[in-house]
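Peer 1: Chain by chain, the residues:
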Amino acid sequence: MRNPQLNKNGELQHLLTLDGLPRDVLNAILDNATPFTEVAEREVKKLPILRGKSIFNLFFENSTRTRTTFEIAAKRLSADVVNLNVSTSSTTKGESLLDTVDNLCAMQADMFVVRHAASGAPVLIAQHLQATGRDHIHVINAGDGRHAHPTQGLLDMYTIRHYKRDFTQLTIAIVGDVLHSRVARSQIAALTTLGVPEVRVIGPKTLLPTEIEKLGVRVFHDMSEGLRGVDVVMMLRLQNERMNGALLPTPQEFYKVWGLTAEKLALAKPDAIVMHPGPMNRGVEIESAVADGAQAVILPQVTFGIAVRMAVMSMLAGQ
Amino acid sequence: MKIRIANGRVIDPANQTDRIQDVYIADGKIAALGHAPDGFVDARTIDATGLVVAPGLIDLAARLREPGFEYRATLESEMDAAMAGGVTSLAIPPDTDPVLDEPGLVEMLCYRAKKLNRAHVYPVGALTLGLKGERLSEMAELVEAGCVAFSQANVPILDNTVLMRAMQYAATFDFRVWLQPIAPFLSRGGYAHDGEVATRLGLPGIPVAAETVALFTYLQLAKITGARLHITRLSSADGLRLIEQARAEGMDVTCDVSINHLHLSDMDIGYFNANCHLVPPLRSQRDREALCRGLAEGRINALCSDHTPVDDDGKLTPFSESEPGATGLELLLPLTLKWAAASGLSLLDGLARVTSDAARIVGITKAGHLSVGARADVCIFDPAAQVRISRDTLRSQGKNTAFLGLELPGQVRYTLVEGQLMFAIDHA
Amino acid sequence: MQSLDAEALCRQLAEQMRPHVSPATTLVGIRTGGLWLAERLHALLGITQPLGAIDVSFYRDDYAAKGLHTKPQRTEIPFNVENAPVIIVDDVLYTGRTTRAAINELFDYGRPASVGLAVLIDRGGRELPIAATYCALYLPEPLPTSQNLQLERDEDGSLNLRLIDA
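Residue numbers (our numbering), protein chains in the order written: chain A, 1 to 319; chain B, 1001 to 1428; chain C, 2001 to 2166.
Same shape as in the complex, but just chain A (with noise of 0.2 Å):
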């Protein structure tokens, strides 16, 4: 069974998860992200790395943010963006995804950026394009189902490693509903990639999944003994559909209990940095003091993840 993310070299051929990736790739990701920060600065926010590239975003599931970031990054490497929502219900109509993927390949497609809601959607059309010998076509994991989202796990990554340097010495929370959070096991797995001794995952049972411990993390149900001591409080988004039901009485208790508030967070180390994926539910996940306070680097994670997706696409097209 061949990693499909990597091409006949063991090169990074498409990216769609990083668990699995080596260190050593995750680092040089990071590493070939920092001057790529510098673009912005400039008068002309522009390198003519892809110029010339037709990059597709596809997105089977509406993520207007997202999209936007994969396509400032694109368009700074000076790529032919074409945005596509593919609702879901054009592809019940008839058409598959891979249909769909065939179609974009005939007008010359250089790499897609996709998001859906299944899990493995991107392997699939990953495997796909091998099957078919199309090894010049990349894909992007842009967020699928549950599984990953890499590109915001290592734009996590660059946030720690600026202001943290040493993962070898950390001690980082991620707390919320970590059962749907793609960025979650991305995170996670990228964590325990870099050296991080000790992740940890902090919910009700009800949002942690089966065996999660298993993916190398502890597991807290108490957010006050959860995050004693830590040096990075990752939290995760409440879907909305999610807080009303089964998995959670409301949204108020989720809060009173799971709620980042300042005075939870006096249990972190006085330096920790709180971060979130956005778009945040404040009240629900955290509180308004912390989210806009001195410890959050919730807005230096969006710059950075443009110079990391810059970097992701760079080093997909270049091999």
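Keep in mind the hints are simulated off the structure, nothing from the lab.
This structure is a prediction, so every number in the text was calculated from the model and none was measured.
Check each hint, because a few of them may be wrong.
[As the list claims (entries may be wrong)] Which residues of chain A face chain C? A few of them, derived with a C-beta cut under 8 Å, are:
hint, residue
1, Asn9
2, Pro35
3, Glu38
4, Ala40
5, Val44
6, Lys46
7, Leu47
8, Pro48
9, Ile49
Each residue gets a CB set at the ideal place from its N, CA and C atoms; glycine is no exception.
Put chains B and C on the given structure of chain A with help from the hints.
Peer 2: Leaving out everything else, chains B and C in the frame of chain A:
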């Protein structure tokens, strides 16, 4: 037509036979073993030197996709697959379209199958109309039309009162009830065993409790109603334990496992291999090992292919959107041999699970063994041959299985149904 | 071939440039060798504008074929390029492709008043219509393509030119 199968190693689990001897077939039946009966003149001799001569295999679950799903497979293509797999008797689950809940449909299926004159089919009727779990099917009529048991395929009944009534009604006639343990709400929205692999891949999980909770319910209701219960497609160690507990309390309950669950675990999903999308889900390695042992020790009574041909359109989609199921008829024998060898079982004991033991569950008396007078359904195979499973060699219209590309032991060389040679590979 | 004393060439180059340097003059070194040289020139010429550094990895015309093989470093232009007289500094002028990439990159920061090019050595073998404004040494015969000429910096900071068989 008379046939002499010469010099083969005759393995007949029902009679505990394993010796080299000739088999004589006349009038569609086994006429004699060892010595030719008086006045037997060969019409044809099959040289079975170096080959195993076994009863034709009996498969407890083979979806032939007719009626309703002919675009995926037809009776013809799947019957060919059965012959190539040495499978001569097939129990057919009722989840066709329309569902096998009407005597007319069952008669039609039996008629079509008979006309094709290949494997014998044994339809399993729907326990409730349309498998909807609301109204009972006409079980007495369905049995008259040819049904051998009643099941819900893999559509669980939501209302336990209906399930209890259905079991009571079946018990009235002492009909067999085959149930796949699926707790409806616990399995809803899940696609893979709820464990590390599903967590890593972000696939919504199906907990083992989806099997055990349903099993517990079925066993309790069988106890109350006295229904003849057979549990299909066991997937977990905990499920097997529940069945053994019920037996320890004196209950007569049988169970089977599919070739997939015997040989694969959730680890085989790998990078979202949709061929591993099955119902029930592939469980952990620990569960798989418990199933292997259970089958070896006879605590699991039979092995089946759970043959479910799915076309490429059904599999070339994201895992959770793919159709569950895998082709299996042509893999039943090789995977029986592979499991038996790995479990240190003799061919005699291994083959019992797909012949005599399976026959008992369906209620087949005329076949599944090679006694004199038995229906001459025979599978002759080369136990030493290794065959690579590929899309090109599979005769089933369903080309999708997790075993593609693997080399498996055993090659069927001849298949006879009622004394007629229906399949042959001659290595001339 | 005459001996290549990088330190001496560096001083010669500075003297060539000195008459043309004004308070507005800015230097931009191409990483890595060009930047070492630019640091020297910056000091020798007493230039008051801060020194710029350029990494042309992203502007190379062979990017699609070769990709990001060496780790790119930051491009840092700590002055306003708009209307500035800029001198790009590189160690060796060869095909001209690196200079082309550097000029392109520079223009993404603004429109300079003028752009010059200062190099230690012109080894010949040009593939683009580019010439140095200031050059300490023109090799009389182009170096064969099998040879690589590059600037190195010792631990004590002294510069050396090395000829390597590629």
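Peer 1: Each of the hints needs a verdict: does it hold here or not?
Peer 2: Results for each hint:
{"no.": "1", "hint": "Asn9", "in the structure": "12 Å, violated"}
{"no.": "2", "hint": "Pro35", "in the structure": "5 Å, holds"}
{"no.": "3", "hint": "Glu38", "in the structure": "5 Å, holds"}
{"no.": "4", "hint": "Ala40", "in the structure": "12 Å, violated"}
{"no.": "5", "hint": "Val44", "in the structure": "4 Å, holds"}
{"no.": "6", "hint": "Lys46", "in the structure": "6 Å, holds"}
{"no.": "7", "hint": "Leu47", "in the structure": "4 Å, holds"}
{"no.": "8", "hint": "Pro48", "in the structure": "6 Å, holds"}
{"no.": "9", "hint": "Ile49", "in the structure": "5 Å, holds"}
Checked against the numbered hints given earlier, this structure breaks hints 1, 4; the rest are met.
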